[in-house]
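**Student:** Protein chains in written order, with this note's numbering: chain A, 728 to 1053; chain B, 728 to 1053; chain C, 124 to 450; chain D, 124 to 450.
Hints were generated in silico from the structure; no laboratory data involved. Everything hinted at is true.
Derived lysine to aspartate or glutamate pairs resembling DMTMM-like cross-links, with alpha carbons at most 20 Å apart:
hint : chain 1 : residue 1 : chain 2 : residue 2
1    : D       : Lys262    : B       : Glu777
2    : A       : Lys769    : A       : Glu743
3    : D       : Lys315    : A       : Glu777
4    : D       : Lys295    : D       : Asp359
5    : A       : Lys750    : C       : Glu264
6    : D       : Lys295    : C       : Glu314
7    : D       : Lys315    : C       : Asp332
8    : D       : Lys295    : D       : Asp324
9    : B       : Lys980    : B       : Asp957
10   : C       : Lys131    : C       : Asp359
11   : C       : Lys295    : D       : Glu314
12   : A       : Lys1042   : A       : Asp1023
13   : D       : Lys315    : C       : Asp359
14   : B       : Lys953    : B       : Glu1045
15   : C       : Lys315    : B       : Glu777
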Amino acid sequence: MREIIYLEAIREALREEMARDPKVFVLGEDVGAYGGAFGITKGLQEEFGEYRSLDMPISESCIIGVSVGASLRGYRPVAEMQFGDFITCGFDQIVNQAATLRYRYGGRASCPIVVRAPVGGNVAGGLYHSQNPESWFVHRPGLKVVAPSTAWDAKGLLKAAIRDDNPVIYLEHKYLYRRAKGPVPEGDEIVPIGKAAVRREGGQVTLVTYGAMVIASLEAADRLAKEGVDVEVIDLRTLSPWDKEAVFASLEKTNRLLVVHEDVKTLGLGAEISAVVMEERFESLDAPVMRVTYPDAHCPFSAVLEQHNLPNADKIVEAVQALARY
Amino acid sequence: MREIIYLEAIREALREEMARDPKVFVLGEDVGAYGGAFGITKGLQEEFGEYRSLDMPISESCIIGVSVGASLRGYRPVAEMQFGDFITCGFDQIVNQAATLRYRYGGRASCPIVVRAPVGGNVAGGLYHSQNPESWFVHRPGLKVVAPSTAWDAKGLLKAAIRDDNPVIYLEHKYLYRRAKGPVPEGDEIVPIGKAAVRREGGQVTLVTYGAMVIASLEAADRLAKEGVDVEVIDLRTLSPWDKEAVFASLEKTNRLLVVHEDVKTLGLGAEISAVVMEERFESLDAPVMRVTYPDAHCPFSAVLEQHNLPNADKIVEAVQALARY
Amino acid sequence: MPSIKRHKFKLTDEQLLEMLYWLKLIRAFDERLSILVRQGRVRSGVYSSIGQEAIVVGTCFGLHKEDYICPLHRDLGTFLMKGVSPGVMMAQMYAKATGLSKGRDSALHSGVSELGIFGNTSMLGANTPVAAGLALTYKLEGRDNVVIAYFGEGASNTGDVHEAMNFAGTHKLPVVFVCENNVYSYSVPIEKSMAIEDVADRAEGYGFDGVAINGNDVLAVYQATQGAIARARAGDGPTLIECKTYRWHGHSEHDPAFYRTDEELAMWKSRDPLPTFTTYLRSREVLDDTKLLEIETRVRQEIDAAVTFAEDSPHPEPGEAVTDLYA
Amino acid sequence: MPSIKRHKFKLTDEQLLEMLYWLKLIRAFDERLSILVRQGRVRSGVYSSIGQEAIVVGTCFGLHKEDYICPLHRDLGTFLMKGVSPGVMMAQMYAKATGLSKGRDSALHSGVSELGIFGNTSMLGANTPVAAGLALTYKLEGRDNVVIAYFGEGASNTGDVHEAMNFAGTHKLPVVFVCENNVYSYSVPIEKSMAIEDVADRAEGYGFDGVAINGNDVLAVYQATQGAIARARAGDGPTLIECKTYRWHGHSEHDPAFYRTDEELAMWKSRDPLPTFTTYLRSREVLDDTKLLEIETRVRQEIDAAVTFAEDSPHPEPGEAVTDLYA
Ligand SMILES: Cc1ncc(C[n+]2csc(CCOP(=O)(O)OP(=O)(O)O)c2C)c(N)n1
Ligand SMILES: Cc1ncc(C[n+]2csc(CCOP(=O)(O)OP(=O)(O)O)c2C)c(N)n1
Ligand SMILES: [Mg+2]
Ligand SMILES: [Mg+2]
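This is chain A alone, in the form it adopts within the complex:
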């Protein structure tokens, strides 16, 4: 199968969905002729016209509100945040307007919008171009949240998100845009929302992660394998609803669980996974669920500072070793 990069996989999903369904359109800052800050929407305006890849004024709240309005008339807007960090400027329209729509309409309407947000660090982004906003949305009922780590999933999950009848926050990791390259099927391969993927099988420790941390986790697992520690790496892919069954199934084998994420520790997704595993699989645990995460700090610009904060293979190896020894 041909290999393409993550960034192109996102673009391909958009193009195919726009061609398939005239109700799908893209809107955001600079997404028109320019093709977006990262070039994701390049060519779409040329192919589909001004209004299907629509340049919006700088107004994130409006971008999302407009998406909600269009969705009520059967459209499937895909809103691009120029950086995921700016999603805070449209926060109310997501968590109150979109997330509660179906509920308050008594189930008589739905709100099929996708909000694409380029997230994550390790790209010299600093405080406002590196954030990982997933927890805010995982915490909010009525939303779904996905975070692909491979080019394949980037395409398949975006297609699933666009076809989903609920508001979906689609977190694309900037570090992966050009670094995650791999096979991607042409055409209509959907990656279902809510299903994790086992990226590496193993029997001693379960490592649950997502996004760019899949790369660091697999690197750590390779190194650990050489030491004889056999790690199963699960890529959640969907953060809300996350795939409890997949995590439990692996845990039944390993009885040891590590969660790795780039988001900060306190109330990062690892907290919820840990709590649920405790509640529902306490007896399966031979060791406490542990977390390797960003510290509770902001995302500094200096490479020296940022590397201090970012989880990496070294930190993961250390944590797995401790777990395996437990």
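Based on the hints, put chains B, C and D with the ligands in the right spot on chain A.
**Tutor:** For chains B, C and D with the ligands alone, kept in the frame of chain A given last:
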């Protein structure tokens, strides 16, 4: 000692702090002559003048941004959100502007603002007048979050929040405004941020909670005592940073822990407490940490629906019994 | 300020009587609600439009089914005029299973897509970007439908309203922005929340026209709205219509409204849109006592039936608290 | 549009030469930064102000130390003019420990309270409510200081700018709003993000004056700003000054700016604020070759020293990644 209600305790803290420090002022919608939607700021404008209890246009982002600006010149603004639900409209100014200020200034400035947010349900508020927004802010480094459950703490924590040099989110529970009545010291008694209170001692199960759920938890503990189950009830009071030592100390006695909160389950504060206890006190646990929370759903208006969702003494009793039996 | 041609859009006698019916129905609905709140039968979320009915009737009258409305919290009457029955609206206020939201929320926090009614959140101004999004779809489809977006003079200060008007102006979207300027934003008089007298003046900053009109004159509101709609349908983009009015009750039914004087209230009551219109109809011999009685009887019966329907409706099943979260 | 009296606020020859120095220093700083980016010595967050220096110099010149500035991302020069040394600014761009934020962020995301410099987040428009808050404190204290709040024509469409202007207008706060209209918001030309030509027209909607001026004429900018400051100090409230200008480089140093034509760029380069001002000074015999050489030498030395300082400065200690989160 004289007894006053929670609502008056908040007002008293504001009045005393405004009298003590001319840099303290209040701003928000209708906080002037009207005294705020709940009457909290009643009399302040008369006593301190138009600009120290300042009516703001409907613009939450501006209210918080203005507070940040004033704080940079040594003021200590106390911003009132008319309902905590509307804090989403000022979200960016809190999580990006205020929370990162000291960090990005290289430690050379601070941002001593307080954002007061009336939160919580059981007051016929419905979807947009009942929410519990604490998780969003506990998750964000650079902020502190407090949530008093008694009139005493309402006063003492607000004073602490105003004097704190960091942005503090002060969550006042609407259900408690008139229902929480109790002794409140006159004058300068401060309740320190970061310290929990043991509301009831007990040796069998530790129950950690905060806000309006302290009432339901104490009711449950009373009932359980009659059955011979001896519950220790800890009121966190501060949610960020939460008092790990107090929780651990109780857990060492009981080896069983239940977290109760009105916020939804997924990535509610209970998740973090559960995860930290697992990481740091796994060996102390005779049973899994359990959670009694709101389900992952919105806050419906109908009393029938709302009572279905709200945690209450019945649900807590049941959970404690299960834990005690474990 | 573009002048309003009072007689450009003709109304038949029948239509004029229908307008009177709506004015009276909406007034009666709100009056009954007010009583129901005091009786404790309706719990909260009641924002009376009494005194402002001419705006609702003047803007909604003659809308097509496919035209969309995005009302503010006080515009319960717009739901009625767009086709929701008084019974369903009353059930919504009662939080019954038969209400629009099935008890999930009260007030206007629910919508009906088939009737072109958007139900906003509580967040003031948040309906306006949604209105722009709806209008965008009409433009994309080349339909000649319009969207009416309502907000108070208080809400006009929110960022959302600015962002929405700017976007709508940029793309000449078919939206009519209706600002209901009732002098107060809860307790705050307009001069304490903005330095201008006419919110309409802001339209210029978005590249379209704004007019300030007498919001208590149903015909003036109708003419202005129809003019704006005609321009919108013709592809000439949005208009901002600021309707000067006053609310008689407090902000909500729980607000004693001490912040205003009796004289001010009395002055505005003397401009009550209902008798003004009734007198006009009589003078034009469109209305007589028989017809008036007919209308009043019909209104009373409909409101009574609505209350009965709401009272008799079941509460939602408790388990519905956690359904309809996802499609 | 209030007219600008070009000669109302007098400048001595010395001051005029100082203005030239600042124009050249800021130009040289940005030119050097551009090279450093291409060399990979500075990593990102570089938004060149080349072509727009007259706005920075014209608005900051003559500000009091206690006056506050709330710059936009392109206004690095304002930091220099308010008293941050070129070395510290360069170290900030290098993310060194000696930079303003000690490496926590680059660009203008840090401030200096003692110098009256606010450091915004990246979020466009978010500096304007903060500016209003600063100005509120001046009003409360009865001080005659002012706040200058900068934003691009693109950022003028954000809700924050609307909310801030409305609040500042309502209370006649001492703020000067400076809109740097450089035609583009990243790739989007102004006509695709608003339906008006002059952002200045929006001021009327907030109850204060707006003027659109030639932003490439440092003296015009200075006169307009001083006029606005005088009004603000006198308690007459805000002014919006829209400075028409153009950025020569791409949006950031990584943007090839294919979205515009060479002709357009060439036209605007012919309006370069520097030679325009130099010619003027020569014609008034304020400037001669010796003085020009003096200024240019000084600028070169200062920029060289700044780069040396930044290069020689240590990186922050890794552990500083988790300090200064709380006071
Ligand atoms: C974003 C937001 N902030 C605050 C409120 C609380 N609130 C509800 S109505 C209201 C006053 C609204 O005034 P206006 O817009 O003039 O409409 P009116 O009630 O006068 O019809 C306020 C402050 C809200 N609903 N939403
Ligand atoms: C709230 C927000 N949305 C988007 C961005 C991304 N962004 C950075 S600069 C820019 C264009 C700004 O245009 P303008 O305000 O005209 O200033 P200019 O860069 O032209 O000086 C955009 C879209 C941002 N920084 N903040
Ligand atoms: Mg009003
Ligand atoms: Mg620009």
